[in-house]
Amino acid sequence: MKSDDINIFKYIIFGSKYIQLDCFYYKHMLPNFIKNLKLQLVHNRNLYFFLIVWFVINLIQSAFTELAHDEAYYWMYSRYLDWGYFDHPPMIAVLIKFGYSLFKNELGVRLLTSVMGTFTLFMLYQLIEVNRNLKVFIMLCVSIVLMHSHIAGFLAIPDLPVIFFATLFFILIKKYIEKDNMITALLIGITSALMLYSKYHGILILTFTFSAHIKFIKRKSFWIIPLVLIVLMIPHLSWQIENHFPSFQYHLYTRSSIYKIGYTWNYIYSQLLIAGPLVSILIFYNAFTVKAENIFNRILKFNLTGIYLFFLLMSFKGRVEAHWTAIAFIPLIVLSYKKIIESKQSIFWLKALFIPSIIGFIFIRIWMVYEIIPAKINPAKELHNWDKWAYEIDSLSNDRKVVFVNSFQRPSKFCFYTGAEFSHSLNNIYYRKNQYDIWNFENILQHDSVFLVSSRTPDDSIITVVGEKYRFEYIDNFKSYCNLIIEIPGIKSIRAKPGEKKILHLNIINPRNQDISFSNGDKIVATFHDGKKYLKRGTLMQLNDIFIPAMGSKKFMVDLEMPLKSDEYSLYISIMTRNQSPALNANLIGVSVE
Numbered sequence: 000m001k002s003d004d005i006n007i008f009k010y011i012i013f014g015s016k017y018i019q020l021d022c023f024y025y026k027h028m029l030p031n032f033i034k035n036l037k038l039q040l041v042h043n044r045n046l047y048f049f050l051i052v053w054f055v056i057n058l059i060q061s062a063f064t065e066l067a068h069d070e071a072y073y074w075m076y077s078r079y080l081d082w083g084y085f086d087h088p089p090m091i092a093v094l095i096k097f098g099y100s101l102f103k104n105e106l107g108v109r110l111l112t113s114v115m116g117t118f119t120l121f122m123l124y125q126l127i128e129v130n131r132n133l134k135v136f137i138m139l140c141v142s143i144v145l146m147h148s149h150i151a152g153f154l155a156i157p158d159l160p161v162i163f164f165a166t167l168f169f170i171l172i173k174k175y176i177e178k179d180n181m182i183t184a185l186l187i188g189i190t191s192a193l194m195l196y197s198k199y200h201g202i203l204i205l206t207f208t209f210s211a212h213i214k215f216i217k218r219k220s221f222w223i224i225p226l227v228l229i230v231l232m233i234p235h236l237s238w239q240i241e242n243h244f245p246s247f248q249y250h251l252y253t254r255s256s257i258y259k260i261g262y263t264w265n266y267i268y269s270q271l272l273i274a275g276p277l278v279s280i281l282i283f284y285n286a287f288t289v290k291a292e293n294i295f296n297r298i299l300k301f302n303l304t305g306i307y308l309f310f311l312l313m314s315f316k317g318r319v320e321a322h323w324t325a326i327a328f329i330p331l332i333v334l335s336y337k338k339i340i341e342s343k344q345s346i347f348w349l350k351a352l353f354i355p356s357i358i359g360f361i362f363i364r365i366w367m368v369y370e371i372i373p374a375k376i377n378p379a380k381e382l383h384n385w386d387k388w389a390y391e392i393d394s395l396s397n398d399r400k401v402v403f404v405n406s407f408q409r410p411s412k413f414c415f416y417t418g419a420e421f422s423h424s425l426n427n428i429y430y431r432k433n434q435y436d437i438w439n440f441e442n443i444l445q446h447d448s449v450f451l452v453s454s455r456t457p458d459d460s461i462i463t464v465v466g467e468k469y470r471f472e473y474i475d476n477f478k479s480y481c482n483l484i485i486e487i488p489g490i491k492s493i494r495a496k497p498g499e500k501k502i503l504h505l506n507i508i509n510p511r512n513q514d515i516s517f518s519n520g521d522k523i524v525a526t527f528h529d530g531k532k533y534l535k536r537g538t539l540m541q542l543n544d545i546f547i548p549a550m551g552s553k554k555f556m557v558d559l560e561m562p563l564k565s566d567e568y569s570l571y572i573s574i575m576t577r578n579q580s581p582a583l584n585a586n587l588i589g590v591s592v593e
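Sequential numbering of the sequence shown, starting at 0, is according to numbering that gives the first Met the number 0.
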């Protein structure tokens, strides 16, 4: 507001002191000020109307859309609150816990993520520095595929809270650039921690932000940020230490695989699809070509380029999921808007592509609720008929504990839709470990009656309502050895000749509070993987009548024969029982046969 405008109001408010008003200001400036004020109020009213409509749509969608597989898994997180989980930090579990305490259904699971998504849109609009045009902003955001689910949508997944706090982080950084302030630095530290408690990808935002403007470190207030961040992250780091860093091992090592050019190609075209199959080229072109005219735009440019390059490099290490770049959409939207609003041609194409985009998204939203595409070719089949599937499995179980093999999603969905207190996933070498291994439900199952889904020695099979076929078995005296630990001291890798025999010293540790007595059919096996397929496993030792006391261990010596073909292999040393595949008992060993 100009000083003249302020004087006008001073004269009006304190009219008893200032009796005369300047006629020029009264006739010209005051009406203009009131007109601008009215325009601003109308503008804000339209913004709030859009946000309310967006929020209501997401609430309706939340209530009538079945849980996605991962959402059910995160709902299981919320039943056992902790400072960390195998795959992710705990923020999503806390959000689901709160919402589900209010509504015991899909709406409750997604309630707070729907709220966060709406506020994320509001904050994104505040990040636009000049030339705010609500219509253009809405067309830009609504045309982006990922906006409807992972950025400002409704799904109860870690992407939504991390983007919410990352957007808040950028708002605070913008304020911190303008003025060195201790309170702002404190808030940045807190927001940084909340961002990391949401998803580890937040570390990229911190890295690229402070790399873009290294001069931040010259401010005394800056050092509050890392101090607060470290202090607030101590509970999570303690959890990681206590559980032997499962999240870091999984994300940094377990996900790695032999490079395929398809990984990189899939990464590139998937980014174009999730940005909007119609508008992605327009958005990416404008975001990457806009000039960084100030420090804040430079920070946004660093984040945009850095995040996409980081995941491009990750594609040489293994498959990159399309939505992992979701945090890059904050600078992508703000920077692309900055250039689009200055180009009549860009606005023309945005308007032209908006109508077909919105028609497509309406179709997708309806499709997520109703199975209007046959299940066999339906990419959204994880959102349909899983409530019926759960009761189908439950009716077959005959009140036995239900145990799945190699699936953290199936037991989660089974518990959500049946209200069962318990279900478990047994994970073997053909899969990976997950949160069910940390929860260690396996101990509860020993010597109990179990309905085993995906057994190696089935009693029968079924094709379920979702089209999945299961071979199942009823077991009266169940036993498994997935949570036993096999240590191989001094061996991290092996170099050998084809067919050569190596002696391995094994130490089997029983972490259970109950004794273990192996029986006929229990054995130690070795399985090699050549990067493409698993080779025929070999038996290293039968475990008949061997006893290991509770919290005890037993040492063995075995002969291991190397493969006959020269190649690079991964070696699994496992315990195997009659109706189950080899378990994930030992660390993976690299084997070079030459």
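Because the hints were derived from the structure by calculation, they are not lab data. Computed from a predicted model, the values in this text were never measured in an experiment. One or more of the hints may lead you astray.
What the hints assert, rightly or not - Computed Cβ-Cβ distance ranges for the label pairs, DEER-style:
{"#": "1", "residue 1": "N506", "residue 2": "E241", "range": "20 to 30 Å"}
{"#": "2", "residue 1": "I372", "residue 2": "I229", "range": "44 to 54 Å"}
{"#": "3", "residue 1": "I229", "residue 2": "D179", "range": "15 to 25 Å"}
{"#": "4", "residue 1": "K554", "residue 2": "D458", "range": "23 to 33 Å"}
{"#": "5", "residue 1": "I229", "residue 2": "I461", "range": "44 to 54 Å"}
{"#": "6", "residue 1": "N293", "residue 2": "F315", "range": "29 to 39 Å"}
{"#": "7", "residue 1": "I461", "residue 2": "K532", "range": "26 to 36 Å"}
{"#": "8", "residue 1": "K500", "residue 2": "P548", "range": "50 to 60 Å"}
{"#": "9", "residue 1": "F48", "residue 2": "I372", "range": "31 to 41 Å"}
{"#": "10", "residue 1": "I229", "residue 2": "I51", "range": "33 to 43 Å"}
{"#": "11", "residue 1": "I182", "residue 2": "F421", "range": "40 to 50 Å"}
{"#": "12", "residue 1": "K500", "residue 2": "T456", "range": "42 to 52 Å"}
Beta carbons are placed, not taken as given, at the ideal position from N, Cα and C, and that holds for glycine.
Here is how each hint holds up against the structure:
{"no.": "1", "hint": "N506 - E241: 20 to 30 Å", "verdict": "holds, 22 Å"}
{"no.": "2", "hint": "I372 - I229: 44 to 54 Å", "verdict": "holds, 49 Å"}
{"no.": "3", "hint": "I229 - D179: 15 to 25 Å", "verdict": "holds, 21 Å"}
{"no.": "4", "hint": "K554 - D458: 23 to 33 Å", "verdict": "violated, 37 Å"}
{"no.": "5", "hint": "I229 - I461: 44 to 54 Å", "verdict": "holds, 52 Å"}
{"no.": "6", "hint": "N293 - F315: 29 to 39 Å", "verdict": "holds, 34 Å"}
{"no.": "7", "hint": "I461 - K532: 26 to 36 Å", "verdict": "holds, 28 Å"}
{"no.": "8", "hint": "K500 - P548: 50 to 60 Å", "verdict": "violated, 31 Å"}
{"no.": "9", "hint": "F48 - I372: 31 to 41 Å", "verdict": "holds, 33 Å"}
{"no.": "10", "hint": "I229 - I51: 33 to 43 Å", "verdict": "holds, 39 Å"}
{"no.": "11", "hint": "I182 - F421: 40 to 50 Å", "verdict": "holds, 47 Å"}
{"no.": "12", "hint": "K500 - T456: 42 to 52 Å", "verdict": "violated, 31 Å"}
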